[in-house]
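**Student:** Here are the chains, one letter per residue:
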Amino acid sequence: MPASAQETYREVMTVEPPEAATPFEAATFEFVFGQVWSRPGLTRRERRWVTLTCVAAADSPQPIADHVYAALHSGDMTLPEMLEFVLHFAVYCGWPKASHLEGEVRAQWARLHAERGEPAPPWPRIDDAELGPSDWQQRMELGAKEFAEVNLISAPPANTPYQHAGILNFVFGHVWQRPGLTRRDRRLITIPAVALDDSPMPLRSHVTSAVESGDITPAELDEIVLQFSAYYGFAKGQALQDAADQARVKAPV
Amino acid sequence: MPASAQETYREVMTVEPPEAATPFEAATFEFVFGQVWSRPGLTRRERRWVTLTCVAAADSPQPIADHVYAALHSGDMTLPEMLEFVLHFAVYCGWPKASHLEGEVRAQWARLHAERGEPAPPWPRIDDAELGPSDWQQRMELGAKEFAEVNLISAPPANTPYQHAGILNFVFGHVWQRPGLTRRDRRLITIPAVALDDSPMPLRSHVTSAVESGDITPAELDEIVLQFSAYYGFAKGQALQDAADQARVKAPV
Amino acid sequence: MPASAQETYREVMTVEPPEAATPFEAATFEFVFGQVWSRPGLTRRERRWVTLTCVAAADSPQPIADHVYAALHSGDMTLPEMLEFVLHFAVYCGWPKASHLEGEVRAQWARLHAERGEPAPPWPRIDDAELGPSDWQQRMELGAKEFAEVNLISAPPANTPYQHAGILNFVFGHVWQRPGLTRRDRRLITIPAVALDDSPMPLRSHVTSAVESGDITPAELDEIVLQFSAYYGFAKGQALQDAADQARVKAPV
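Residue numbers (this note's numbering), protein chains in the order written: chain A, 1 to 253; chain B, 1 to 253; chain C, 1 to 253.
With the rest of the complex left out, here is chain A (with noise of 0.2 Å):
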């Protein structure tokens, strides 16, 4: 392994590199960390949202392990922003998914400490005010202005449970407007969501979306498909290239 990949390897993963011993591993190092985790054009921590949201779609138990683990040992991401993380997940990967992601960062969190030898600091506590405006038509309201904000397109009619309960009044009606995570770092997790959900009105537009808002320039979602590619394959790739070649012709250079 070239040295340069294992730096970026203790880097990432914060742990030491193992023998590479069969031609995935080899390739792992290799391409993995020293062709893509090592590239400029995206700092760590915004290839982890990638990375995070591919590995926990991908249900494999030992790479959530230790990407959760990593993304918490090296100071990149704290506790609470790991579990805003979560419940962001659970809106665009489904919720069993993110009940099982849930508990590793419990896991790791726990691993950590008693790594250290030091008790984990007391859990964060969590107030219902946080819950946001409880005002149902100030909700929508909100909801509308948020759908507004990230899609740069007008709120959809509320005439259907999903857009009603779901869309608006839940999903950018709370979770989108939540402090916990930047708008940057919610697009961060949501472009790799649904590109491996391949839904293809959902992918265009928050590709696109995330482009004209200005919240990442062509250049950095580029980089994001490479990551994406890496953990979640160069099939659906593909189609996150396309969609982010069509959003790059619309925007304003």
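Hint data in this document are derived by calculation from the structure and do not stem from the laboratory.
Computed from a prediction, not measured in an experiment: that's the story for all the values here.
Even glycine gets a Cβ: it sits at the ideal position worked out from N, Cα and C.
One or more of the hints may lead you astray.
Stated by the list, open to error - For each label pair, taking beta carbons as the anchor points, the in silico distance ranges come out as:
id : chain 1 : residue 1 : chain 2 : residue 2 : range
1  : C       : 107       : A       : 114       : 23 to 33 Å
2  : B       : 137       : A       : 40        : 43 to 53 Å
3  : B       : 117       : A       : 134       : 43 to 53 Å
4  : A       : 115       : B       : 106       : 44 to 54 Å
5  : B       : 212       : A       : 128       : 23 to 33 Å
6  : C       : 44        : A       : 145       : 54 to 64 Å
7  : B       : 154       : A       : 127       : 14 to 24 Å
8  : A       : 115       : B       : 137       : 52 to 62 Å
9  : A       : 204       : B       : 214       : 52 to 62 Å
Given the coordinates of chain A, work out where chains B and C should sit on it, guided by the hints.
**Tutor:** Okay, now just chains B and C, sitting in the frame of chain A:
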């Protein structure tokens, strides 16, 4: 194609069966329609919930369109029930896939009325009161109660955004309590959803509680496994069967 | 269980068939083994590539373990071939699922030798030279050439990280050129991978080029569709059949 498989195909898909020109198509008629849909043990409408969840998750555009059309055309599901299904599906399989699904519900509803040469009836109205109580404390209490009734275990502490804003306030504090579908309907949707999501704990807990609550009998659960396997494959089907076998051992006979 | 299905089960899984106690298990024997694995048109080893890809993507732990064991135990695949498969699979279905798969290859290889009461032979050595030419210009040129040979269209411009570092330098600049599997083997792995990934362009292009290149006949492709449908479900199977039907129309007969 055997005549009985043809007849089942007509009843389920509500259109004439095409000619079988490939091994896939021959197996679709003989196995999926001739041997699975034709079984007793679940009603056609119940098999539709399992099937609709599978095809919506599998991202395959034509089967989604065909099964949504057939569900509405047969009269097995009303439009409000299909729209309620979209919201429940969104929770378990993520918002992006639900967005595509809801687009198809609208499209097939329009197609159905166009074919009949009738105008579509007025779209169902939705009122903010359907969002349930807006007092956060009351909502959390009702969420904890619903969680316990559905899962047959105590609600988790609300000490993460996922559990607090997500599971207790929204998923059990609202969605499962909505009157548009029965709890049995929601179980027929949730079981295939957790099976295709692969998360071990939600899979085990939803399968076990479905049986222990008496909402689904062990024999019905076995039928769900087979219906699921046809539409989401025998690989994931085996994990669902394993969970079903464990639930059967625990359940009072 | 019909005697012939039992016999096929023994040949494929390399263990005694269990009793069928549920509709799922009865259908597994009668349909999956009795009607799918027993068909002519693809060899058992070829059906294994389709099946291994499906079970590895489906995240179902027991089927992954069972099919990896059976592939090695039967002698249909060597250990180096299985390890080469893991790398190819990683490219199309992402690193996390491949990581779990490789863990099972190691575990089943150990189990196999433990059952025989033999020490496992020395692990195959890997040399950095297997990573191919490190002159980037040469690598990009070879990548463009391989891309054209596999896809039967010109390589795309290398103007994004996905195309440059990903597709041309790594996927076609290295992986497809590795000697450990034949191009036909790689097609038998890639076709189910793009079918389960749902990305419309890769699905169409890999299915079409497999047939147009003469590497896979239209009749063999139909067998792949059925084998895939059994393990990944008839919903995604239908999209693959549609792509196969289009490829057949274009292909010289």
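**Student:** With reference to the structure, classify each hint as holding or not holding.
**Tutor:** Here is what the structure says about each hint:
Range check, residue 107(C) to residue 114(A): about 27 Å between beta-carbon atoms, so the 23 to 33 Å window is met. Restraint check, residue 137(B) to residue 40(A): a C-beta distance of roughly 49 Å satisfies the suggested window 43 to 53 Å. Between residue 117(B) and residue 134(A) the beta carbon distance is about 47 Å. The supplied range of 43 to 53 Å therefore holds. For the hinted restraint 44 to 54 Å between residue 115(A) and residue 106(B), the CB-CB distance of approximately 53 Å keeps it satisfied.
At roughly 31 Å, the beta carbons of residue 212(B) and residue 128(A) sit within the given window of 23 to 33 Å. At roughly 60 Å, the beta-carbon separation of residue 44(C) and residue 145(A) lies within the given 54 to 64 Å, and the hint holds. Between residue 154(B) and residue 127(A) the CB atoms are about 21 Å apart, so this pair conforms to the stated range of 14 to 24 Å. Range check, residue 115(A) to residue 137(B): about 39 Å between beta-carbon atoms, so the 52 to 62 Å window is missed.
A hinted range of 52 to 62 Å for the beta carbons of residue 204(A) and residue 214(B) is inconsistent with their spacing of about 45 Å.
Hints 8, 9, counting from the list given before, are not met by this structure.
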